[in-house]
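Enquirer: Listed below are the residues making up each chain.
There are 2 protein chains.
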Amino acid sequence: MAASCRLKPLSCVAVSGGTHGNEMSGIFLAKHWLRNPMELRRGSFAVTPFLGNPRAIEKCVRYVGRDLNRTFTTEFLSSTEAEDEPYEVVRAREINQTYGPKGSAQAFDFMFDLHNTTANMGACLIVDSEESLLPMHMCHYIQTHYTRSPCPIYLYKLPGEETYSINSVAKAGLTLELGPQPQQVVRADLFTQMRDLMACALDFIELFNKGTVFPAFEIEAYKITGRMDYPRYSDGEISAMVHPKLQDKDFLPLNPGDPIFQTFSGEEILYEGNTTIYPAFINEAAYYEKKVAFAKMEKHMFSIPGLQRE
Amino acid sequence: MAASCRLKPLSCVAVSGGTHGNEMSGIFLAKHWLRNPMELRRGSFAVTPFLGNPRAIEKCVRYVGRDLNRTFTTEFLSSTEAEDEPYEVVRAREINQTYGPKGSAQAFDFMFDLHNTTANMGACLIVDSEESLLPMHMCHYIQTHYTRSPCPIYLYKLPGEETYSINSVAKAGLTLELGPQPQQVVRADLFTQMRDLMACALDFIELFNKGTVFPAFEIEAYKITGRMDYPRYSDGEISAMVHPKLQDKDFLPLNPGDPIFQTFSGEEILYEGNTTIYPAFINEAAYYEKKVAFAKMEKHMFSIPGLQRE
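Chains as they are written, first to last, in UniProt numbering: chain A, 1 to 310; chain B, 1 to 310.
Take the hints with a grain of salt, since some may be wrong.
It does not matter which identical chain is meant; a pair holds if it fits inside one copy or across any two.
Claimed, not checked - In silico DSS-like links for lysine-lysine, alpha-carbon gap of 27 angstroms or less:
no., residue 1, residue 2
1, Lys-291, Lys-31
2, Lys-157, Lys-102
3, Lys-245, Lys-31
4, Lys-8, Lys-299
5, Lys-157, Lys-210
6, Lys-59, Lys-210
7, Lys-59, Lys-290
8, Lys-59, Lys-291
9, Lys-299, Lys-59
10, Lys-210, Lys-8
11, Lys-102, Lys-290
12, Lys-210, Lys-245
13, Lys-299, Lys-223
The set of hints was computed from the structure by calculation and includes no laboratory data.
Please construct the entire structure, taking both the sequences and the accompanying hints into account.
Expert: Below, the structure written as structure tokens:
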């Protein structure tokens with residue numbers, strides 16, 4: 001990678017709340033911004049807020065037909081209308097039409113996506129990979145300027161995997177994943193935290209647009225390597241819970257031999273991997289059906305080149 | 001009230017898990033007991049475990065058609081089959097047939113009901129009223145013998161209100177309401193706590209059945225006096241969140257003038273009542289649709305007469 005990169009200023013920026021219809025911080029923030037759009041304006045740009053999945057929001061469920069945030073792949077975006085297709089496929093095409101098309105020159109410059117998790121992940125910043133220069137600089141700026149809590153960086157893209165998330169339709173994106181918060185609940189502390197993180201991110205864009213030079217840096221981030229399912233009975237029902245010693249320990253080291261599950265009868269199940277990992281999304285409500293008890297993460301240091309506008 | 005009462009020994013005892021299909025401690029406990037029934041046996045009796053709302057459990061939602069735990073009133077229990085009636089009305093009649101009929105001599109002697117809340121209510125014991133002698137003795141026994149955490153007593157019946165809960169079909173009942181736990185999540189710590197509380201309650205029944213004399217006592221309990229809705233916009237949408245100073249403060253005193261809500265723009269809304277109350281079910285996920293931000297409780301001391309078996 002070059003020691004420094006130049007990118008165009010960001011003029012078209014959007015933020016989605018309610019990509020999942022029961023994650024309330026972003027839903028109430030987006031609704032608040034739709035009533036009070038001034039809060040999303042800066043000198044050089046303004047952010048367009050929108051509700052990701054309005055039908056799911058109305059029912060206060062994660063999704064109606066299928067997970068919207070797994071629907072932004074070529075397969076779904078290029079599909080033709082069909083009568084029995086899930087609502088989210090229709091909605092993904094709409095969003096791609098409005099803020100994309102994905103991969104095109106017309107696509108929005110940047111999209112924020114606001115989420116909550118039941119896991120104890122704090123103020124987590126999710127980026128597709130460390131190669132996304134502008135988002136990595138944004139994370140660095142947030143970590144430096146938002147000092148009320150740590151903001152771990154989660155790199156979600158597995159090698160060779162196609163991007164599938166809502167903000168992959170824009171040229172770049174950042175997902176805020178705040179927790180722990182139960183589904184269908186809005187906590188004032190997390191609402192305020194999400195709003196402050198957004199304000200900090202917009203300050204970064206404003207500085208970038210106005211020509212600030214951001215030097216190269218080294219940064220720690222967690223990169224996904226795989227996922228761990230729950231132990232299950234032969235009928236598919238889970239047979240064990242996340243171990244109390246692992247519960248709430250997102251982004252802390254898990255070593256070979258450490259307990260990870262406890263069966264309903266009380267037996268411990270130990271981690272059999274060969275290396276230390278850093279679990280995240282531990283005991284996330286929505287991931288039972290995805291067969292994910294936690295995401296397996298490695299901790300790395302990355303060298304990020306400098307950045308300034310063209 | 002008499003200074004001491006004699007009641008028949010308890011032979012028919014049941015426990016429902018999954019009366020709400022997304023409250024996971026009771027669901028996984030009931031399923032565990034259905035696989036391992038010995039855990040619910042004592043010398044003088046055995047408990048029958050069952051799944052309260054199987055269809056809701058399968059979908060991992062609170063209910064399919066209407067809240068099952070508000071369906072055990074004369075209106076629903078005496079209704080005749082209709083094609084368009086909600087599933088839970090059918091299910092309530094089934095449960096009433098099996099474990100009741102409500103108010104009859106054939107009804108089960110006792111029913112436990114296992115719940116979770118997203119509110120910070122700890123190991124809460126819910127009884128209809130302080131006049132329910134055997135459940136109050138059971139609560140007293142649990143408070144004395146289960147010492148890992150406080151077990152506040154919540155008296156749920158408003159004056160003049162008909163009982164509507166699932167365990168009202170039995171002659172007496174106790175509801176365990178453990179939190180905080182997100183919907184659709186099972187935490188090992190709360191699972192173990194619920195199992196231990198049940199074991200303690202069964203020990204009490206065994207002692208009672210075997211002739212132990214339980215003397216009169218004084219006990220503190222929280223009695224509901226009403227419910228507080230969220231502030232709302234004219235379109236019905238909520239316009240404020242539970243205030244961060246009230247969040248997680250279940251069963252702690254709330255005084256006139258204390259903040260209770262924070263609008264999405266950041267203004268405080270203060271409590272305008274005349275007396276100190278003790279809120280509970282603060283920010284419970286399932287109560288947004290019931291228009292309840294918290295239950296208003298009074299704290300009282302009650303004198304409970306002695307108890308022994310006939």
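Enquirer: What hint numbers does the structure not satisfy?
Expert: 4, 5, 6, 9 and 12
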